[in-house]
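K.L.:
Sequence:
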Amino acid sequence: QVQLVESGGGLVQAGGSLRLSCAASGGISSNSLMGWYRLPPGRQRELVAVISGGGNTNYVDSVKGRFTISRDNAKNTVSLQMNSLKPEDTARYFCYYHTWRDYWGQGTQVTVSS
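The number in this note's numbering is simply the position in the sequence shown, starting from 1, with 168 added.
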């Protein structure tokens, strides 16, 4: 059974940085897609960033140039480095893993104060 455990959320002032990490276990394939989604308060879930097994990345326009996704296939981890954080980045962030179905972690809260 795939399990995803996020860490690294917290409270930060605008302009600050946070690094989110996700530890995956339970038969993880290095060829599968991994990424991060977020659920802002009062809004719909949105894709933040994804990374393929080969390291190709894709980002939502609002975080391009500020966020960087990376993965370590040997350790089955995916990380999200978030710089120049803005209040609108406030959300619960969820680790995502896709094979023949989608898997989600429990999420970690990121709050950016103005």
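Derived from the structure by calculation, the hints contain no laboratory data. There may be inaccurate statements among the hints.
[Stated by the list, open to error] Derived DEER-like restraints, expressed as beta-carbon distance ranges:
#1 Q181 / R211: 17 to 23 Å
#2 S230 / S281: 14 to 20 Å
#3 D240 / P208: 26 to 32 Å
#4 S230 / Q171: 27 to 33 Å
#5 G184 / L215: 19 to 25 Å
#6 R187 / N241: 32 to 38 Å
#7 L215 / S175: 30 to 36 Å
#8 N251 / S200: 22 to 28 Å
#9 T225 / P255: 36 to 42 Å
#10 Q212 / L179: 19 to 25 Å
#11 G210 / N241: 17 to 23 Å
#12 K243 / G183: 15 to 21 Å
#13 P255 / N199: 18 to 24 Å
[Unchecked claim] Result set (EDC-like, lysine to aspartate or glutamate): computed pairs, CA atoms no more than 16 Å apart in a straight line:
#14 K254 / D270
#15 K232 / E256
#16 K254 / D229
Here the structure is a predicted model, which means the values were calculated and not measured. Just so it is clear, CB atoms sit at the ideal spot from N, CA and C, and this is done for glycine as well.
K.L.:
Hint by hint, say whether it matches the structure.
P.N.:
We went through each hint and held it up to the structure:
1. Q181 / R211: 17 to 23 Å: Between Q181 and R211, where Cβ atoms are some 22 Å apart, the hint holds.
2. S230 / S281: 14 to 20 Å: 18 Å, holds
3. D240 / P208: 26 to 32 Å: Given a distance of about 28 Å, which is inside 26 to 32 Å, the answer is holds.
4. S230 / Q171: 27 to 33 Å: 29 Å, holds
5. G184 / L215: 19 to 25 Å: 23 Å, holds
6. R187 / N241: 32 to 38 Å: Taking Cβ atoms as reference, R187 and N241 lie about 18 Å apart, which means the hint is violated.
7. L215 / S175: 30 to 36 Å: 20 Å, violated
8. N251 / S200: 22 to 28 Å: Holds - the Cβ-Cβ distance for N251 and S200, about 27 Å, lies within 22 to 28 Å.
9. T225 / P255: 36 to 42 Å: With Cβ atoms ~25 Å apart, the hint is violated.
10. Q212 / L179: 19 to 25 Å: 23 Å, holds
11. G210 / N241: 17 to 23 Å: 36 Å, violated
12. K243 / G183: 15 to 21 Å: For K243 and G183 the Cβ distance comes to about 30 Å; the hint is violated.
13. P255 / N199: 18 to 24 Å: 37 Å, violated
14. K254 / D270: With a Cα-Cα distance of about 28 Å, the restraint between K254 and D270 is violated, given a limit of 16 Å.
15. K232 / E256: 14 Å, holds
16. K254 / D229: Status holds; Cα separation ~14 Å.
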